[in-house]
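Asker: Sequence:
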Amino acid sequence: MGPAAQIEHGKERLARDVAAMRARWGGVKGEAEHMARSIAVAATAAFAIGALAAALATRSRRRHRRTWW
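Each step along the sequence shown adds one to the number in the working numbering, with nothing skipped, and position 31 is 99.
Read the hints as simulated data drawn from the structure, not as lab findings. Keep in mind that this is a model prediction, so the values were computed, not measured. Ideal Cβ placement from N, Cα and C applies to all residues, glycine included. Some clues are possibly wrong.
As the list claims (entries may be wrong) - Distance ranges between label pairs, derived from CB positions:
hint, residue 1, residue 2, range
1, 108, 73, 48 to 54 Å
2, 81, 103, 29 to 35 Å
3, 91, 123, 46 to 52 Å
4, 96, 116, 29 to 35 Å
5, 104, 79, 32 to 38 Å
6, 100, 78, 29 to 35 Å
7, 91, 70, 28 to 34 Å
8, 98, 75, 30 to 36 Å
Can you make the complete structure from the sequences, with help from the hints?
Answerer: Shown next, in the form of structure tokens:
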């Protein structure tokens, strides 16, 4: 294999390596975005449940304080 063929082979290999690296990075980036979205959804759900529990507790407290007689 002559020098020109070696250079061409090196370019092809580099192009394949770069493509593989980009594919891996895209996968990692996609997983990170998915995880961030999952965490955001879980945090929103936890906040909503906490707010609902606080509202119910407040309502329950008010009901016990009232005297109807």
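Asker: What hints, given by number in increasing order, does this structure fail?
Answerer: none
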